[in-house]
Amino acid sequence: MYGFLIAVGVLLLLSIIWMVYRIQTLVSVVKGSDKKIASSSNKVNAILFVLFMIGSGVLMFWYSIKEFDNYQLPVASEHGVVTDNLFWITMAVTGLIFLITHVLLFVFPYKYQYKENRKASFYPDNNKLEIIWTTVPGVVLAVLVFTGWMAWSDITAPAPENAHVVEIMGYQFAWEVRYPGADNVLGDYDYRLTSAINSHGVDFTDLNAIDDFPSPVVVIPKGEPVLFKIRARDVLHSVFAPHMRLKMDAVPGMPTRFWFVPTKTTAEMRAELNDPEFEYEIACTEICGRGHFSMKKVIEVVEPAEYQAWLAEQKSFVQQNPALAENLPAELKELAEIQLSEK
Amino acid sequence: MATASIANHDTAHDAHEHEHHDNFVTKYIFSTDHKMIGKQFLVTGIFWAVIGGFLSILFRLQLGFPDMSLEWLRPLLGGWIDETGKLDPTFYLALVTMHGTIMVFFVLTAGLSGTFSNFLIPLQIGARDMASGFMNMLSYWFFFLSSVIMFISLFIPTGPAGGGWVVYPPLSALEQAIPGSGMGMTLWLVAMTFFIASSLLGGINYITTVINLRTKGMSFSRLPLTIWAFFLTAVIGLLSFPVLFAAALLLVFDRSFGTSFYLSDIYIGGEALPNTGGSPVLYQHLFWFLGHPEVYIVLLPALGITSEIIATNSRKPIFGYKAMIISMLGITILSFIVWAHHMFVSGMNPFLGSIFMFLTLIIAVPSAVKVFNYLTTLWRGNLVFTPGMLFSIGLVSFFISGGLTGIFLGNSAIDIQLHDTYFVVAHFHLVMGSASFFGLMAGVYHWFPKMFGRMMDARLGYVHFWATFVGVYMVFFPMHYIGIAGFPRRYYSWTNFAFSDMYTDLNMFVSVAAIITFGAQFIFLFNFFYSMYRGRKASLNPWRSNTLEWTTPLHPEHGNWPGEIPAVYRWPYDYSKPGAEEDFIPQTVPLSETPESNLPHEQEQVKIELEIMKDEDEVLVPNESES
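Residue numbers (my numbering), protein chains in the order written: chain W, 1122 to 1464; chain S, 3 to 629.
Hints were generated in silico from the structure; no laboratory data involved. Keep in mind it's a predicted model, so treat the numbers as computed, not measured. Hints are supplied without guarantee of correctness; some may be wrong.
[Stated by the list, open to error] The calculated lysine-lysine pairs, modelled on PhoX-like cross-linking and capped at a C-alpha distance of 25 angstroms, are: (1) S:Lys609 x S:Lys218; (2) W:Lys1249 x S:Lys616; (3) S:Lys616 x W:Lys1152; (4) S:Lys88 x W:Lys1157; (5) W:Lys1236 x W:Lys1152; (6) W:Lys1417 x S:Lys324; (7) S:Lys539 x S:Lys218; (8) W:Lys1385 x W:Lys1417.
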């Protein structure tokens, strides 16, 4: 019944709009305004451009200022400070151009709206102007590119020797984390070794793998370089740690990497934001299927001393599940046991 | 009837002057008339735009109102609404995938380039038809076939392709990864193959026609900027679409024949696949080798249309005609060497990233030149705000807004954070999506009188423009904030993460704005179809424009001009020339007839012009006496 009433209402409304439309068409024909080059609507449109400029401009400034703390994510890595700076410098430059061009774009329609007794200026070209506005953007862009390139080169340079290695592996739909253990060298892996008990496909015949250990969270020390070794097991994923300003695709068959220096511990950030629940997060930013929006991993940044203590507590894959080492040849097994007992 | 006989290609029959009737099928369906083919592309494009827009409304409902029960959509979506009345997350991905595919290829490539290249090239260069009417017809029907296949894929039980419009493997190659990669992806690949064939057939025709069939006097330096834009667009398409075909073909091999071009080291669904040695990044290179030029394939025609409309309605020559052509040439060439800026964090060599950052920011220069030239064209003009003009000004605004954010994204260091966030979504929807869409709309409003001999209602056009212009900004401007905050794209919901568990109000606002903007398009649909039959009869040259298409009869037959094709004596932008009586001088007016307004160098040309005309008269007279 309601549906019927709504349908009747909509029909009525449409027919009223229809009548109004017909009437105004007929009126304009009677008045002969459809014969004119520019009707009275010309002025309305010209004014609307200026109103739009003022209205949307005010809205933009008001919201950008009011929400600044909301959309400006706190930054917690060394290179993040650099890229944030670049971002805001670019924002200042482009923002200025945005404002100037838009003021011109919306004021000209008002100022030069059609007048019957005026003739437009015949002004087909001016090479000097063209050269000016080719070179000026060229130079500005060159400066922006150059600063960006310097930052990019630093960020993508090889990681320092002493960087703490963490392996992050993406799969549908979660991340798995592996630490290299005391030797700071990750053991080999082979995707064909993947199984229910060996989700990383770690090759335990490689001695480096013996002390590798898994972790439910990514724990890293503050102020020291950390190298994420990134890979994927099934489809593309992408490691995105927004507060670290870090993003790198995880590609099956092609390991990738990203190194950075965290600058604030989780505890420090909690205090700074006055949010006891705060946690650094990793999300996936490469479409990977149904659960793409739920691939979450927590990063815990701690003081270096705390980190060392945490490392010492961790149990390796083999210690957690001796079955992993069962199929190893006898001499390897022995070596493995020695290595573990030394720890 | 003399007018009808022009349609006959075989001039020997003309002597009989018999009336040549097209039947319904040859006139409206398997037509070889470029004007009808253009209209076919336009109507099909509009159909797809409605579908593509509707899909976006569906996923905006999910994003803006995540708690809303979508039970009322069950009659339409069936099993894709789960028991709790929520949209299925897999289907959400299929929605964004199909929205992207439809809008980029079917609306903004076929609907824009297909419509206006077909409709305008012969009319504006002074040709009877395209170089090959038959190939042109094939171009439309391949597109139609592609459309049918893509449309069917929306309704199959496993859903359409769902790997994003870029369909990166391995996701798009493995059915185990997402159901849409089964039959849906197969149909996607088949449809795209036909689409590429259609684009190539069209593109070859556009290029050949522009080079070979220009009328007397229509040198390249007198071509309207629309034609330059369509010409360069076709060149880009011709060079880049085959690469997409290659990428798709290798994907077909990987999917169906067990090859490993893109697949390597994959463990999925509890089993290790045998593929090794392939590279998903290879696909990305191949895809973006088309994918980036594709941006300019949709944008250049819109810029060309805008140049023409802004000049006409400013009653001023376009400022820097040569600079406009040079910048379009620059964009054309550069568009091929910037593709990897989509891949800064794909794991490719960072050195490549540096190179592509430099190249990418160079392409901003010709784009900036175009904007400044538009602004200078408006300066001291005598602006008439036809709906076409409004949409053109809107385009320039979007081109600025979206273009500037490109400077952020082209900078690889800044892109690390912004890549695949809503900042990118805002960027390309403004600069590519909305700008090109506004170019399409501007073109429809401007050339409707030539297409159908009637005028569209201007007031409805104004309402449509303002609702859409404001609406587009309300939809896409807030996305910049969401993007800076780090919200990733293609997310079904953001509540799983603390950093993105906010802005529900802003997302709601965006969704409401999207619904209103979508609703406003029905004003256009009404105006379009109503005016086609009941609109006010158009005059021959309603915008008092200079270009050749306005010298044809109100309803041009196949062949466009009764009698001789007019010759061209000047460039198309002689608006408000000092000394001239009217504020426009059509291209067909010889310089020798306008001594009062000729510039010094043109006065020189008058002598040459007169000599040529004299020679031609001598040649023509004996010819005519023979027949």
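The hints, checked one at a time:
1. A hinted pair counts as satisfied when its Cα atoms are at most 25 angstroms apart, and S:Lys609 with S:Lys218 qualifies at roughly 17 angstroms.
2. Among the hinted pairs, W:Lys1249 with S:Lys616 is inconsistent with the structure: their alpha-carbon atoms are about 39 angstroms apart, more than 25 angstroms.
3. In summary, the hint linking S:Lys616 to W:Lys1152 is not supported, as the alpha carbons are separated by about 48 angstroms, beyond the 25 angstroms threshold.
4. Between the alpha carbons of S:Lys88 and W:Lys1157 the distance comes to roughly 54 angstroms, so the proposed pair goes past 25 angstroms and is violated.
5. This hinted pair checks out: W:Lys1236 and W:Lys1152 have alpha carbons roughly 19 angstroms apart, not beyond 25 angstroms.
6. Distance check on the hinted pair: W:Lys1417 and S:Lys324 sit about 53 angstroms apart at the alpha-carbon level, beyond 25 angstroms; violated.
7. The straight-line distance between the Cα atoms of S:Lys539 and S:Lys218 is roughly 31 angstroms, outside the 25 angstroms bound, and the hint therefore fails.
8. Our distance criterion of 25 angstroms between C-alpha atoms is met by W:Lys1385 and W:Lys1417, whose separation comes to about 20 angstroms.
Hint compliance for this structure: hints 2, 3, 4, 6 and 7 are not met, and every other hint is.
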